[in-house]
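Novice: Now for the letters of each chain:
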Amino acid sequence: MNVIDAQGLHKRYGDTHALAGFDLQVAPGRIVGLIGPNGSGKTTTIKALLGLTRPDAGSLSVLGVNPQQQRAELMARTAYIADTGILPGWMKVADLIDFVAGVHTGFDRPLAERTLASTDIRLNKKVKTLSKGMHVQLHLALILAIHAELLILDEPTLGLDILYRQRFYDALLNDYMDGERSIVVTTHEVREIEHILTDVVFIHHGRQILSLDMDTIGEEFSKVLVQPDQAESARALTPLSERPSLKGIEYIFRHAALKDLQHLGEISRPNLAELFVALLGDEA
Amino acid sequence: MKTFAALLKREWLEARFTYLAATLGLIALVTLFGTLATLVATLSDGGVVVVIERMDEAGNTERHERISDTMTTVADFSSWTNRELESRLGKLRTTIAAGFHSTYFLLLVFILLGCVFDHRRDRSVLFWKSMPTSDHLTILSKLVTPVWLVPLLVVAAMAVSWILLLGLLSAITLSSDLGSVTRLWAHSGIASGILQELVGYAIQGLWSLPLFAWLIFISASVSRLPLVWAIVIPVIPIISERIVLGSNVIGGFLLRHLEFAALPRLLPSDDRRTMMVQSVGDQLSLLLSGDLWLGVALGVALLAGAVWFYRRNNEL
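Same order as they appear, the protein sequences are chains F and H.
Residue numbering for the first sequence follows the numbering used here, starting at 1 and increasing by one per position.
Residue numbering for the second sequence follows the numbering used here, starting at 1 and increasing by one per position.
Chain F with its partners taken away, still in its complex shape (with noise of 0.2 angstroms):
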């Protein structure tokens, strides 16, 4: 059984249309990249999986419970760090730890006081007097302590500096992978996360508009650095997108055949921001 099972789902904000049909489907063990500009859908579905708002149409099931109306049951076994700090600054480390201790049976809290010893975080420190790291590595002690089945992250690095933002992913495919949690991850810093993902889906104006695992993207998608006279047979094979490099210009083909391919130039697999930009073109 699938962790997410979200189908059509659709939600309106005035004469905005956040969702507009969008499919995810989220297998156990799998760490899931959401991938698309701003304002395309990404933290509406985040709030959707949460429970958070409700769609106006579709269905949503997230490990086998309907967000909003069971969303106690379900946060009991999803965890969530969202793009900026959400914890209450009036509070201190060692009150927050008592407080999820008090209303999280699957809280190991030892190993939240482990976490957090290695780091520069005193208990009896105000939330608000944390730096940004430090608030992003509580919020990570506090989580990876839960034993969640489904970690769900919303841009969780944003603002971090890149030796922090490092040690993040570090210590979730550490820490908190084991082969049957799950993780949804949006960001705009797809590169950083490329590594560690296994699927990726791209959503466009509330569509989504990819669902691929990592290997399948390899065999599908191709670029190639062409040189300006071989530029109208690459044009011929219907690229997905076309750019200019110094070295040449790089085209990027879906489905194409390997021996087409070949006499044009040097063949490698795209990354994902190279394959988002060529999936939305000039909207991206």
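Hints were generated in silico from the structure; no laboratory data involved.
Not one of these hints is a red herring.
Computed beta-carbon distance windows for the label pairs:
id : chain 1 : residue 1 : chain 2 : residue 2 : range
1  : H       : ILE239    : F       : ARG109    : 53 to 59 angstroms
2  : H       : ALA21     : F       : LYS128    : 17 to 23 angstroms
3  : F       : ARG122    : H       : ARG242    : 57 to 63 angstroms
4  : H       : ARG242    : F       : GLY21     : 50 to 56 angstroms
5  : H       : ALA186    : F       : THR105    : 51 to 57 angstroms
6  : H       : ILE163    : F       : SER131    : 45 to 51 angstroms
Computed list of chain H residues with no C-beta within reach of chain F, every gap over 10 angstroms:
id : residue
7  : ILE27
8  : SER170
9  : VAL235
As a list, the in silico EDC-like pairs of lysine to aspartate or glutamate whose alpha-carbon atoms are at most 20 angstroms apart:
id : chain 1 : residue 1 : chain 2 : residue 2
10 : F       : LYS92     : H       : ASP122
11 : F       : LYS247    : F       : GLU266
12 : H       : LYS9      : F       : ASP95
13 : F       : LYS128    : H       : ASP122
14 : F       : LYS125    : H       : GLU11
15 : F       : LYS247    : F       : GLU232
16 : F       : LYS128    : H       : ASP118
17 : F       : LYS247    : F       : GLU274
18 : F       : LYS92     : F       : GLU113
19 : F       : LYS247    : F       : ASP229
20 : F       : LYS132    : F       : GLU155
21 : H       : LYS9      : F       : ASP98
22 : F       : LYS92     : H       : ASP118
23 : H       : LYS2      : F       : ASP108
24 : F       : LYS128    : H       : GLU315
25 : F       : LYS126    : H       : ASP122
26 : F       : LYS128    : H       : GLU11
27 : H       : LYS2      : F       : ASP95
28 : F       : LYS259    : F       : GLU232
29 : F       : LYS128    : F       : ASP83
30 : F       : LYS126    : H       : ASP118
31 : F       : LYS125    : H       : ASP122
32 : F       : LYS126    : H       : GLU11
33 : H       : LYS9      : H       : ASP118
34 : H       : LYS2      : F       : GLU73
35 : H       : LYS2      : F       : ASP98
36 : H       : LYS91     : H       : ASP282
37 : F       : LYS126    : F       : ASP98
38 : F       : LYS92     : H       : GLU11
39 : H       : LYS9      : H       : ASP135
40 : F       : LYS132    : H       : ASP122
It should be emphasised that the depicted structure is a prediction, and the values quoted were computed from it without experimental measurement.
Note that beta-carbon positions come from the ideal geometry of N, C-alpha and C, so glycine has one too.
Fit chain H to the given chain F structure using the hints.
Specialist: Same frame as chain F, but now just chain H:
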């Protein structure tokens, strides 16, 4: 139960410095005021005017007098009957309690108005909602902590103030050889006063539930200026009723529930000119009042509305 206890504790922690500062400040103020009144009375004929009732020899009451006079007069109680002594000490207690009641009521208004709104404004509502707690329990904790639990602290602070003031009176009595300190303490009525206050706050929570629930409802529903909305929205039906029907049923209902909220243990007398101290029995008899249960029903409906909005509204 463990979850609800954690939610109650969170509500306490969030405003604990406000609660503690207010109660400790009032204790300090009462003590300082009492000491100053004694000093003024000792050193001059002047005094500080406060609202307090005094009974003259003919049994007539006068509501305004100088607290310096009261302090020294109460200390000079050797000629009074035990009943007179209890009555005058009771009024001194009531005056002090009224200061705590009105101050805590003001705090309560702002705490209830901010209880959800502030979490939506600083976005921490997303963190609270990421925890496995039901929306019903969350909203209930926002009512129970300030309306029924924190008053335990307020009553304790009142008791401390009463004891400090009695200590001051004892010192005056001893230094002036005006009477028996043992008799003063024996008829101080502190224990019954504490019971009255505890019952008062417990009943007040029910009697004023529509008001408290209204403030939480506003906190969960509006996106700006909660205080303005909390005041403006009820005024519209009150004025409409007066203009269209010429009656004041809604306004009267709200005023009755507001008065007791501001001054528990004190309710307007029939002529509405003075506030009458309610005994424990009088307060408990409110439980038989249809008006109370009508208010409770309205309060429950408003709390259900607050849960509905809490579920749908996230950060501002």
